[in-house]
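Enquirer: These are the residues of each chain, in order.
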Amino acid sequence: MTGTPFDLQLLNLCAALLLLLSFAMLAQRRIVTLVNLLAVQGSLLLVATLLLAWRTGERHLYLSAALTLALKVVLLPWMLHRLIRRLQVYWDTEPLLNISGTMLVGLVVVVFAFGLAQPIAALASTATRNAIGIAVAVILLSFVTMITRRKAMSQVVGFLSMENGLFFGAMSATYGMPMIVEFGVALDVLVAVLVLGIFFFQIREQFDSLDLHHLESLNEYQSRRSTPAQKET
Amino acid sequence: MKLMDLLTQALELIAALAAAPLFLGWVNQCRAWLQNRRAPSIWLPYRGIRKLFYKDAVIAEGASPLFRAAPYIVFGAMVLAAGIIPSMGTRLPFTIAADAIALVGLLATARVFQSLAAMDIGTAFGSLGARREMMVGFLAEPALLMVIFVASMISATTALPAIAENLATQQLALYPSLAFTAVAFMLVLLAENARIPIDNPATHLELTMIHEAMLLEYSARHLALMEWAAALKLFNYACIGFALFVPWGIATGADSPITLLASIPLLAAKLAVTGASLACIETMSAKLRVFRAPEFLASAFLFAVLGLLVHLLLGA
Numbered sequence: 012m013t014g015t016p017f018d019l020q021l022l023n024l025c026a027a028l029l030l031l032l033s034f035a036m037l038a039q040r041r042i043v044t045l046v047n048l049l050a051v052q053g054s055l056l057l058v059a060t061l062l063l064a065w066r067t068g069e070r071h072l073y074l075s076a077a078l079t080l081a082l083k084v085v086l087l088p089w090m091l092h093r094l095i096r097r098l099q100v101y102w103d104t105e106p107l108l109n110i111s112g113t114m115l116v117g118l119v120v121v122v123f124a125f126g127l128a129q130p131i132a133a134l135a136s137t138a139t140r141n142a143i144g145i146a147v148a149v150i151l152l153s154f155v156t157m158i159t160r161r162k163a164m165s166q167v168v169g170f171l172s173m174e175n176g177l178f179f180g181a182m183s184a185t186y187g188m189p190m191i192v193e194f195g196v197a198l199d200v201l202v203a204v205l206v207l208g209i210f211f212f213q214i215r216e217q218f219d220s221l222d223l224h225h226l227e228s229l230n231e232y233q234s235r236r237s238t239p240a241q242k243e244t
Numbered sequence: 533m534k535l536m537d538l539l540t541q542a543l544e545l546i547a548a549l550a551a552a553p554l555f556l557g558w559v560n561q562c563r564a565w566l567q568n569r570r571a572p573s574i575w576l577p578y579r580g581i582r583k584l585f586y587k588d589a590v591i592a593e594g595a596s597p598l599f600r601a602a603p604y605i606v607f608g609a610m611v612l613a614a615g616i617i618p619s620m621g622t623r624l625p626f627t628i629a630a631d632a633i634a635l636v637g638l639l640a641t642a643r644v645f646q647s648l649a650a651m652d653i654g655t656a657f658g659s660l661g662a663r664r665e666m667m668v669g670f671l672a673e674p675a676l677l678m679v680i681f682v683a684s685m686i687s688a689t690t691a692l693p694a695i696a697e698n699l700a701t702q703q704l705a706l707y708p709s710l711a712f713t714a715v716a717f718m719l720v721l722l723a724e725n726a727r728i729p730i731d732n733p734a735t736h737l738e739l740t741m742i743h744e745a746m747l748l749e750y751s752a753r754h755l756a757l758m759e760w761a762a763a764l765k766l767f768n769y770a771c772i773g774f775a776l777f778v779p780w781g782i783a784t785g786a787d788s789p790i791t792l793l794a795s796i797p798l799l800a801a802k803l804a805v806t807g808a809s810l811a812c813i814e815t816m817s818a819k820l821r822v823f824r825a826p827e828f829l830a831s832a833f834l835f836a837v838l839g840l841l842v843h844l845l846l847g848a
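Chains as they are written, first to last, in the numbering used here: chain A, 12 to 244; chain B, 533 to 848.
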């Protein structure tokens, strides 16, 4: 470790903090804080991209850093905050597992992800190849976030955090995707959030709640459906 | 130079014994300032201990010899732990006998005897406190071990002085893993020393107390030893933290009276800063319900394991 240059150490620190943030998102019960954490994750990604751009001298990384800043640090969190205000949802009260259990599952997932990333890292030739494992872990942890939440809002945040993980993985494996792909993904994410925002309103209109549990059964069987028991968290 | 080593060892032990109540007094003073109270004297813990030593001991009916022996065992374990932890110099003759894992075991021994003694009398408060202490202990101990494992993996040894020496002398590097474990260690320190998110050290006769509930039946010299041991425990934990995370300034040379002397004011400065920040944390956070304590300690464990995983992956 003492031999590694300082900027690479900073990059490693960014990677470690990204992993930590994923766990913070997993543990978080308030949606507002969840969105703020997403913004922080975006800023960390920005810092990592800038560091990598400065280190490798790749021009297009600066561009993707600018894209990250505009989209993931400013625009998306702002849109989500606006949605929260308009939908009046501040709490996600029913994670399917309790927090400690989710954390333990998260730890297992991280170990699995590190194992999964080992052969990929062996193939990559970048200086940041060690961070691929962390990127895979971030992606899988976002999956866990999406799986353990019931409310549509937190699932969208999980989805966006997964995209962040993918971006970080691409960055550490190959110093970023081609620009056209990056633009495409950015546009996709933006449109997805816009469309999902409209969906939220529709879902709420239909069911008076953003709980996705209501989407699991067909309308004809609605009378048979038992209401979910209110678990104390 | 054997004599110098022995001198270092003796100095550390005396310093720990003498400075532990002072450190506690400093934390209490900072806390009072932050809460807009008039601060008690920084010497108050010494006066309390002296007063208790002058009193006659009262022992409950039906107390077994274990109850009398426990204060000495707990105090002895804490003194021994202070002998193992490098606070000023790393050349300690005692540490050949015990490494960091044995240190955790030593702390566990003290906890077990304290809890047994609390249950011995059979009062409701005593066994309640003992049970809660064991609950906190069994959750905090793995986290502490994980913290120590990360540091020992970096230095490839479990001997605490060697870890401190290695980290103090190597080139400055960013260790995300150590940063994570430092957070984990902070949480463990708060939980193990009956500090505010888990327990309130200032409370008596309240249903939420943990540490104080175990001491209710003790009086006079037994109580004095228990309180001194609690102060020593806090001091020890602070010194473990310094050895693992801010070891700079510790005397590492074989025979260096000057660096040893220079490390004394540095240790005092570190303790002053730690005490102030401890008071800050305690003032800013609210006490958790007892049932939330597992969650608090689970996050400590999580931080430590994350540190371990990050170290394995990034080598940092």
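Hints listed in this document are in silico derivations from the structure and should not be mistaken for laboratory results.
Being a predicted model, the structure only gives us computed values, none of them experimental.
For glycine and all other residues, C-beta sits at the position ideal for the given N, C-alpha and C.
Hints may be right or wrong, so weigh each one.
Unchecked claim - Covered by chain A, per the in silico footprint, the following chain B stretches (three or more residues, Cβ under 8 angstroms):
#, region
1, 669–679
2, 697–711
What the hints assert, rightly or not - The calculated label-pair distances, taken between Cβ atoms and stated as ranges, are:
#, chain 1, residue 1, chain 2, residue 2, range
3, B, A564, A, I131, 39 to 49 angstroms
4, B, R569, A, T44, 30 to 40 angstroms
5, B, T740, A, L107, 42 to 52 angstroms
6, A, T15, B, A801, 28 to 38 angstroms
7, A, L115, B, R821, 14 to 24 angstroms
8, A, V116, B, S751, 46 to 56 angstroms
9, B, A801, A, R215, 52 to 62 angstroms
10, A, L115, B, G637, 18 to 28 angstroms
11, A, H71, B, M667, 52 to 62 angstroms
12, A, T15, B, S809, 27 to 37 angstroms
13, B, A804, A, L115, 51 to 61 angstroms
Enquirer: May I ask which of the numbered hints given earlier this structure violates, with the numbers listed in increasing order?
Expert: Hints 1, 3, 5, 13 are the ones this structure does not satisfy, whereas the remaining hints hold.
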